[in-house]
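Enquirer: Listed below, chain by chain, are the residues.
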Amino acid sequence: MLEIHDLHVEIGGIEIIHIDELVLEPGTRLGLVGESGSGKTMTAMAIAGLLPDEAKVSGSVRFAGSDLLSMGDSELSEVRGKQIGLVFQDPARSLNPMMRIGRQVSESVRLHTDLNRQAVTEKVIELLGQVQLPDPEAVLRRYPHQLSGGQQQRAMIAAAIASDPELLIADEPTTALDVTVQEEILRLLIALSEQRKLSVLFVSHDLGVIRFVCDRVAVIYGGRIIETGRTEDVISNPRHRYTAALLAANPGMPGDDNYSAFIGRRLHTIQGSVPAVGNFPSGCRFRNRCEHATDACTATPKQVIVGSDHRYSCWNPVAEG
Amino acid sequence: MPEPQLIEATATNSTGPTRPETLWRRIGHLPITLYIGGTLVSLFVLVTLVSFVWTPHPPNQMNLETRLAPPGTPGFVLGTDRAGRDVVTELMLGARNSLYVSVVSTIAAMAIGTSIGLAIAGSNRVVQSASTRLVDAGLALPGILTAMVLAAKLGAGNTTATLAIITWQVPVAARVTIGPARQILALDFVEAAYGYGRGKPYVLIRHVIPNIGPLLIVLGSVMFAAAILIEAALAFLGVGVQPPTSSWGRFLNETQSLLEAAPYLMFFPGLAIVLTALGFNLLGDGLRTVLDPQQARSGLS
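Line by line, the protein sequences are chains A and B.
Take 1 as the starting number for the first sequence in this note's numbering and just add one per residue.
Take 1 as the starting number for the second sequence in this note's numbering and just add one per residue.
The following block holds chain A by itself, in its conformation from the complex (with noise of 0.2 Å):
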C-alpha cells in the first residue's frame, strides 16, 4: 500500500533522512520509534509531502499505485488530501482556535466531494461519533478552546478521517496528552484501524506506546531505520545495540509483567545526545554513544534479515534470545 525505496531527503546539502526500504501493508498499523532528531517526522512529513521548500526528496514513495514523489502538485494535493489523512501532536496547535470544530472538521469534505451542506454536516455528526464525542451536534458549534485536550485529538482525528483515506499519519499523536487520556486515544485509533481498514503509520518515541498499538515496527536513528520486524519480535528479542538500549531506557507501561521491576530502580541511559544533522560519525551512525561498539562499525552496517520479516543493521548485535 505505502511502499519507500530509497527515500534521500536533504536540506542545505546535508542528507538528513536516508531509507533504503519502507513497507506499510494495508490495514496494518507501522510505528516509527526513535529519540528527537532521529529524522522520524521527517520522515512522516516526507511522506505527507509537507516538508519545507528548501528540502529536497528523492527516490520513492509509492501510495495506493502511483509514485508520490514524481506527481505535479494539484495531483498530489488531491491524493494526498483525500487519501492521507494527518494527525499531529498538539491537538491545541493543530486546530485553529478561531473556527468552529464543524468547519475545521469537514474541510477536506467541503474540498474533496461536492457533497451539499446538509449532507456535510450530517457526515461531521457521524465523524464525531464515531470519535466518540458525545453530543456531536453541540460539538460542531463549539471553538477549539471549549473542548479538552483529549476531546480535541478526537475532533482532530475526525478531521483526519473525514474524507476516507487509506492511511492515517500520526505523528505522536498522544505526547501532549496525560496519560489516561493517552489510553483512550490510542484505543480509538486502534479500533478506527481496524473498523475502516485503515493504514496507520504511527510516529512515537514511546516504545510502550507503540507495542500497544503497532502490528509492525521500524527503529530510526540519524534518519536511517536500524531495525525493523514484527512489533513483538522487535520488542521482546532486540538485535540492534540502539534498539535494545532505548527498550532499557524505558520503564514500560503500568500492568506490563515487568513493570514493578523498573520500580526503585535507575533506568538505563544511553550516554550523549543524537549528534547535530551532519555530524554523525561514519559507518554504523550510533557507534559513538554504543557501549559496545567495536572496529567494525566504522564501516556501514549490512542489513540481517533473521525469521521472516526482522531485519537489523548491526555489526555486534545482541545474541539472539
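Honestly, the hints are just simulated from the structure, not real lab data.
No residue lacks a Cβ here, since even glycine has one placed at the ideal position from N, Cα and C.
Hints are supplied without guarantee of correctness; some may be wrong.
To be verified - Here are the simulated distance ranges between beta carbons: (1) B:Gly213 x A:Gly37: 34 to 42 Å; (2) A:Ser236 x B:Ile217: 55 to 63 Å; (3) B:Lys200 x A:Glu291: 42 to 50 Å; (4) A:Pro251 x B:Lys200: 41 to 49 Å; (5) B:Ile217 x A:Glu21: 48 to 56 Å; (6) A:Ser70 x B:Gly199: 16 to 24 Å; (7) B:Ile107 x A:Glu78: 35 to 43 Å; (8) B:Pro58 x A:Gln118: 53 to 61 Å; (9) B:Ile107 x A:Pro52: 29 to 37 Å; (10) A:Pro52 x B:Gly213: 21 to 29 Å; (11) A:Gln303 x B:Gly213: 49 to 57 Å; (12) A:Arg265 x B:Ser123: 49 to 57 Å; (13) A:Arg266 x B:Ser123: 49 to 57 Å; (14) B:Leu134 x A:Gly12: 22 to 30 Å.
What the hints assert, rightly or not - Result set (DSBU-like, lysine-lysine): computed pairs, CA atoms no more than 35 Å apart in a straight line: (15) A:Lys56 x A:Lys302; (16) A:Lys56 x B:Lys200; (17) A:Lys123 x B:Lys200; (18) A:Lys82 x A:Lys56; (19) B:Lys200 x A:Lys82; (20) A:Lys197 x B:Lys200; (21) A:Lys123 x A:Lys197; (22) A:Lys197 x A:Lys82; (23) A:Lys56 x A:Lys197; (24) A:Lys123 x A:Lys82.
Please build the complex by placing chain B on the supplied structure of chain A, with the hints as guidance.
Expert: Same frame as chain A, now just chain B:
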C-alpha cells in the same frame, strides 16, 4: 497485545460559557482607556455626521462686522475667525474633512499593507528576507517629504494628502503583519490545511487573517490616529485640502498670523486634533488590552 475496545469518552467541559455572557460580565472590567477613547471617537464621528444636517451658521458664511469676536459672543459660542466665520462651524466642517481623508487612507493602507505583509509572510525564505528589507526601507522614507514630492507632481489637495498618508502607512501595516502572520503559519493547523490539499491563498485568508484579526483591529485604530495627525500636518503646510474646504490643519495655520490679535484661537483646532488623535490612540490601546488573551486573562482574574 490488549484487545482494543471502544470506551466511553469522558464528557468534560461540555458546556463552555456562551459568548454574550462572557462579554456582559466583562463590561465592568474593561480598561478605562477603552471608555475614554471610545467616547472621544464617538464624539468625533457624531460631530461629523451632525455637520451634514446642521451647523450653527451656514458653512463659510463670512461677516466682517463680527471679525475675531471673542468666545462667548452671543451667537458665536467659541467666537469667530479673521473672516468672521463661526469657529464651531469651522471645527465641525474640519472634522468632516479629517474623517474623510483618514477613513479612505486608513482603509486603503490597511488593505494594501496587510496584503503585502501576508504575501511576504507566505513566501519562501529568500523572497521573504529580501522583501522584508524592502519594507524596512519603505519605513525609513520620510513621510512629509513624500507628501511634498506628491504635491509637486499632483498639486495640493485631498487626493495628494490621501496618497501621501497611504504611502506613509503601507510599510507600517506590512511590517506589523509579517511577524504574527509567520507565527500563525508555523502552527500545525496550517500544516493540516496543506495536508487536506488547500493552497497558500486559502490558508492566508481563512486561517491566518482570522488569527491576526485582533492585531489588525488595534493596528487600524492606531493608524487612524496617525492619519488624522498627518492630514492636519499636511493641511497646515498647505499641501492638503485647499480653501474653501475647511480643515483643522489649515485653520491652525491661519491662527499663526493672529498670535497677537487673538492668541486663544489656535487652541480650538489644536485641541480638536489632539483630542481626536488621542481618542483613537486610547481606543487602540484599550482594544489591545481586551483582545490580547494574555493581558485580558490577567486583567480578569
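Enquirer: Next, verify each hint and record whether it holds.
Expert: For each hint, the structure was consulted:
Between Gly213 (chain B) and Gly37 (chain A) the beta carbon distance is about 36 Å. The supplied range of 34 to 42 Å therefore holds. The given range of 55 to 63 Å is respected by Ser236 (chain A) and Ile217 (chain B), whose C-beta atoms sit roughly 59 Å from each other. Take Lys200 (chain B) and Glu291 (chain A): their Cβ atoms lie about 48 Å apart, and the range 42 to 50 Å holds. For the pair Pro251 (chain A) and Lys200 (chain B), the beta carbons lie near 44 Å from each other, so the given range of 41 to 49 Å is met.
At roughly 53 Å, the beta carbons of Ile217 (chain B) and Glu21 (chain A) sit within the given window of 48 to 56 Å. Look at Ser70 (chain A) against Gly199 (chain B): about 20 Å separates their beta carbons, and that is inside 16 to 24 Å. About 38 Å separates the C-beta atoms of Ile107 (chain B) and Glu78 (chain A), a value consistent with the hinted range of 35 to 43 Å. As the Cβ distance of Pro58 (chain B) to Gln118 (chain A) is approximately 60 Å, the hint placing it in 53 to 61 Å holds.
In this structure the hint that Ile107 (chain B) and Pro52 (chain A) lie 29 to 37 Å apart at CB holds, the actual value being about 35 Å. Between Pro52 (chain A) and Gly213 (chain B) the Cβ separation comes to about 27 Å, which falls inside the hinted range of 21 to 29 Å. Against the hinted window of 49 to 57 Å, the Cβ-Cβ separation of Gln303 (chain A) and Gly213 (chain B) comes to about 53 Å, which satisfies the hint. Checking the proposed 49 to 57 Å range against Arg265 (chain A) and Ser123 (chain B) shows it holds: the Cβ atoms sit about 53 Å from each other.
Evaluation of the 49 to 57 Å hint for Arg266 (chain A) and Ser123 (chain B) yields a pass: the beta carbon distance comes to about 50 Å. Remark: the range hint 22 to 30 Å for Leu134 (chain B) to Gly12 (chain A) is upheld by a beta-carbon distance near 25 Å. Proposed proximity of Lys56 (chain A) and Lys302 (chain A) is supported: the alpha carbons are some 26 Å apart, at most 35 Å. Proximity of Lys56 (chain A) to Lys200 (chain B) is assessed by CA-CA distance (about 20 Å); at most 35 Å being required, the pair is judged to hold.
Taken as a hint, the Lys123 (chain A) and Lys200 (chain B) pair is honoured in the structure, with Cα atoms around 26 Å apart against an allowance of 35 Å. At roughly 24 Å between alpha-carbon atoms, Lys82 (chain A) and Lys56 (chain A) fall within 35 Å of each other, so this suggested pair holds. Note on Lys200 (chain B) and Lys82 (chain A): the hinted pairing holds, with a Cα-Cα distance of about 18 Å set against a maximum of 35 Å. Using a Cα cut-off of 35 Å, the hinted pair Lys197 (chain A) and Lys200 (chain B) holds, with the two alpha carbons roughly 32 Å apart.
The hinted pair formed by Lys123 (chain A) and Lys197 (chain A) meets the criterion: a straight-line CA distance of about 19 Å does not exceed 35 Å. Restraint check for Lys197 (chain A) and Lys82 (chain A): satisfied, since their Cα atoms lie roughly 16 Å apart, inside the 35 Å limit. With a C-alpha separation of about 32 Å, the suggested pair Lys56 (chain A) and Lys197 (chain A) falls inside the 35 Å cut-off, and the hint holds. Distance check on the hinted pair: Lys123 (chain A) and Lys82 (chain A) sit about 15 Å apart at the alpha-carbon level, within 35 Å; holds.
Hint check: no violations occur; every hint is consistent with the structure.
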